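S.K.: So the protein sequences, as listed, match chains A and B.
Note that the first sequence ends on residue 405 in full-length UniProt numbering; no numbers are left out.
Note that the second sequence ends on residue 107 in full-length UniProt numbering; no numbers are left out.
Derived by calculation from the structure, the hints in this document are not laboratory data.
Please read these numbers as outputs of a predicted model, since none were measured by experiment.
Keep in mind that a hint or two might mislead.
[As the list claims (entries may be wrong)] A partial selection of chain B residues facing chain A, derived with a Cβ cut-off under 8 angstroms:
{"id": "1", "residue": "ASP22"}
{"id": "2", "residue": "THR26"}
{"id": "3", "residue": "THR29"}
{"id": "4", "residue": "GLN30"}
{"id": "5", "residue": "GLY32"}
{"id": "6", "residue": "SER45"}
{"id": "7", "residue": "THR48"}
{"id": "8", "residue": "TRP52"}
{"id": "9", "residue": "ARG54"}
{"id": "10", "residue": "MET67"}
{"id": "11", "residue": "ASP70"}
Note that CB positions come from ideal geometry on N, CA and C, so glycine has one too.
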Amino acid sequence: MSTGTLIVGASQAGAQLAASLREAGDTAPIALVGHEAHLPYQRPPLSKGYLLGKTDATGLALRSAAYYAERGIEVLTGERVVELAVDRAATARGRTLVFDRLALTVGARVRRLAVPGAELHGVHHLRVVADSDRLRAALPFARRVVVVGGGFVGLEAAAAAGTFGAEVTVVEAADRLLGRAVSPLTSEFYLRAHRRRGVRVLLGSAVTAIAGTGGEVSGVVLADGTELPADLVLVGVGVVPRTELAEQLGLLCSGGIVVDPDARTSIPTVVAAGDCTVQPGPAGPIRIESVQNAVSQGKIAAATLAGCPRPAVEVPWFWSDQGDLKLQIAGISAGHDQTVLRGDPESERFAVLYYRAGALVAVDAVNSPADYLVGRKALAQGLTVPADQAGAADRPLKELLVAAP
Amino acid sequence: MPKVVFMLSNGTETGVDARIGDSVMTTATQHGLDGVVAECGGNLSCATCHVWVRDDFLDAVGPPGEMEDDMMDLATSDRRDGSRLSCQITVSEDLDGLTVEIPPEQP
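Turn these sequences into a full structure, and let the hints steer you where they fit.
M.R.: Written out as structure tokens, the structure is:
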């Protein structure tokens, strides 16, 4: 008899994998194990609506307890897997789990600053519910907030912090915001938009220390010697995939757990999905941190375990809400060689289309859901928008769609 | 607790106790109602939580916002007068008994 599937990581990818296994008709036991106290939940609101108090922990849950119970999915919360083999696992509390199929949906942990003072009280990170709770409790009392890192989490939290009335400074080491994710055009827009809203943004500024008195944070020290006074510091400098368990198993890891298009790891009976994986991408191996990837790869991993055909590959998509600015991204812009701007960034509604060798590969849309959706549809259906016409913002993008050559 | 009633395309009706302040989408997904896919989790990025609000609740629910309107224009296959993205409807005491129909297909 099958001992079933162990899914390590009660994440969005893990929850999807479990649900998809049941939808595929799999009847063997499923255990979904996570070290947090919560049922699998949505992380994106932690730097947006949840941080602003628009929803609570119950509202974040992806599925109710009844959902898992009705489907025979055993969710073990507060259990950290510390030892892992291909057919058994041990948790920190001493529980032993046996299984014949294994999925790793272990996600990532926040990257910490390797500078003096990084552990002072008042230095925050943002990855899990408990982080957002701490930040939400502290923000109303903060007068000067310094956000280290001009990525999505940092900018979303900076926008939220501003609504609490704090003076907010964003410090970014690179020469532009969101540098890993968007074109210089979009980066420049976000720089101007945040500055318009009263956020101070310092680019090309490396942090060399966090200053403190009596164990409490008091400022952020930059490479040029400047000290920015702060009573709250949020560090948002990216995440590190959790690969320790994969390494115990001897799985190939290279900047994440390496998987193939079927979400199989280097041990064919072990699958992995979500932020912890590195998968083949259009311009080389890529690790994608997004809800869409967690869900899509979770479905693919379930199909692989259940022996079903691989679900259709989706166009990657992503969003970021920064205050009243909604950025929606379709496709992967890595490797692009041309960008076309649609609309006027000063109006705070525009899109950037990315091309590689003349082919549309991605769209960034700011407060322009129509352009985002048309871009996503084009990429999904093998259509394109000729680069020499894409900038005609007076014409709806859908009228410019043509078959890709 | 207000109740939200989901009418599935096969004719079955499911009443679900909903928390005030949650979206209709969250109410559906947490209970695993087939047909509300909600790919983006309620962020106006996918239009896969499209529902048809029954006529007698249209006034109470109100019209879609501008971005929601754009999303539905482009992404929903069968847009009707009662079309809304369920992630944008917040459950309140006034909406007790709200009945929405789930389209047979989401984009």
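S.K.: If a hint holds in the structure, say so; if it doesn't, say that too.
M.R.: Here's how the hints hold up against the structure:
1. Interface hint at B:ASP22: satisfied, since its Cβ lies 5 angstroms from the closest Cβ of chain A, which is below the 8 angstroms cut-off.
2. Residue-level restraint check for B:THR26 holds (minimum Cβ-Cβ distance to chain A is 6 angstroms; threshold 8 angstroms).
3. Given the 8 angstroms rule on beta carbons, the hint for B:THR29 holds: about 7 angstroms separates it from the nearest Cβ of chain A.
4. Because the smallest distance between the Cβ of B:GLN30 and any Cβ of chain A comes to about 4 angstroms, under 8 angstroms, the interface hint for this residue holds.
5. A least Cβ separation of about 4 angstroms between B:GLY32 and chain A falls short of the 8 angstroms threshold, and the interface hint therefore holds.
6. Annotation: interface hint on B:SER45 holds; nearest CB of chain A at approximately 5 angstroms, less than 8 angstroms.
7. The closest approach between the C-beta of B:THR48 and any C-beta of chain A is roughly 11 angstroms, which is over the 8 angstroms cut-off, so the hint fails.
8. Against a cut-off of 8 angstroms between C-beta atoms, the interface hint on B:TRP52 is violated, since the closest Cβ of chain A lies about 20 angstroms away.
9. Given hint, B:ARG54 at the interface with chain A, is violated; its Cβ is 24 angstroms from that chain's nearest Cβ, farther than 8 angstroms.
10. At about 5 angstroms, the closest approach between the beta carbon of B:MET67 and any beta carbon in chain A falls short of 8 angstroms, and the interface hint on this residue holds.
11. Proximity of B:ASP70 to chain A holds as hinted, the smallest CB-CB distance being about 5 angstroms (cut-off 8 angstroms).
In this structure, the hints that do not hold are numbers 7, 8, 9, in rising order.
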